[in-house]
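K.L.:
Given the structure of chain A, go ahead and fit chain B onto it with the hints provided.
From first to last, the protein sequence lines are chains A and B.
Sequence positions in the first sequence follow the numbering used here and run 12 to 126.
Sequence positions in the second sequence follow the numbering used here and run 706 to 816.
No wet-lab data here; the hints were simulated from the structure.
A quick note: this is a predicted structure, and the numbers were derived from the prediction, not measured.
One thing to keep in mind: the hints can contain errors.
[To be verified] Some chain A residues judged to face chain B by a derived CB distance under 10 Å, without partners named:
id : residue
1  : Y44
2  : G53
3  : E55
4  : F56
5  : Y59
6  : G118
7  : Q119
8  : G120
Using N, Cα and C, we set each Cβ at its ideal position, and we do this for glycine too.
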Amino acid sequence: DTGVSQDPRHKITKRGQNVTFRCDPISEHNRLYWYRQTLGQGPEFLTYFQNEAQLEKSRLLSDRFSAERPKGSFSTLEIQRTEQGDSAMYLCASTKMGGSSTEAFFGQGTRLTVV
Amino acid sequence: AQSVSQHNHHVILSEAASLELGCNYSYGGTVNLFWYVQYPGQHLQLLLKYFSGDPLVKGIKGFEAEFIKSKFSFNLRKPSVQWSDTAEYFCAVHSGYALNFGKGTSLLVTP
Chain A
12 DTGVSQDPRH KITKRGQNVT FRCDPISEHN RLYWYRQTLG QGPEFLTYFQ NEAQLEKSRL
72 LSDRFSAERP KGSFSTLEIQ RTEQGDSAMY LCASTKMGGS STEAFFGQGT RLTVV
Chain B
706 AQSVSQHNHH VILSEAASLE LGCNYSYGGT VNLFWYVQYP GQHLQLLLKY FSGDPLVKGI
766 KGFEAEFIKS KFSFNLRKPS VQWSDTAEYF CAVHSGYALN FGKGTSLLVT P
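With the rest of the complex left out, here is chain A:
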């Protein structure tokens, strides 16, 4: 499968724990995006990278959220001290550089449940 891959697909964690999700984009794509989707809502943009540079992070939901893409390939999204309100689907997408008019390819997401 050469699409966007996310791991894990499901994560259940206790409130207060830290969680980390991984995204592997399509190999030739240099832009990588993280979104969050809650029930009944569309995906909500969180942050994005062009290669290893994080170009926009002001939309991250709080300072408990952070993302990295250390070598410009895979990316991780970490949530520290999880809260019940963090329960959601976390989506990763990738696209080619200059891709405002090109397609963003989405992974299947990581569903987080905080109990």
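P.N.:
Here is chain B on its own, set in the frame of chain A:
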């Protein structure tokens, strides 16, 4: 700030009925517009996109959308839906660096 409004949150149609899903956006500049579909248990997939040229764009599976600049609209249409079109449909506008999505419309097509 840009926003995307989808008017119908839940739509139920019988097979062979015609479909139109509304989408309006708020942004005064040049826009790139998209419709994505999410079938049950699957990831978001692109249905169609508009960035310039003919305002009537055709996508996969018989879907089309019309960009009406004066109305800030990009409505999705299909003349005759099938049971397999049951899915969640999202309209999106590209903001310059990322997609802004509407809340989505859940479509159920009954046999």
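K.L.:
Determine for every hint whether it applies to the structure shown.
P.N.:
Structure-based check of each hint:
| no. | hint | in the structure |
| --- | --- | --- |
| 1 | Y44 | holds, 6 Å |
| 2 | G53 | holds, 3 Å |
| 3 | E55 | holds, 7 Å |
| 4 | F56 | holds, 4 Å |
| 5 | Y59 | holds, 6 Å |
| 6 | G118 | holds, 6 Å |
| 7 | Q119 | holds, 5 Å |
| 8 | G120 | holds, 7 Å |
Comparing the model with each numbered hint stated earlier shows that all of them hold.
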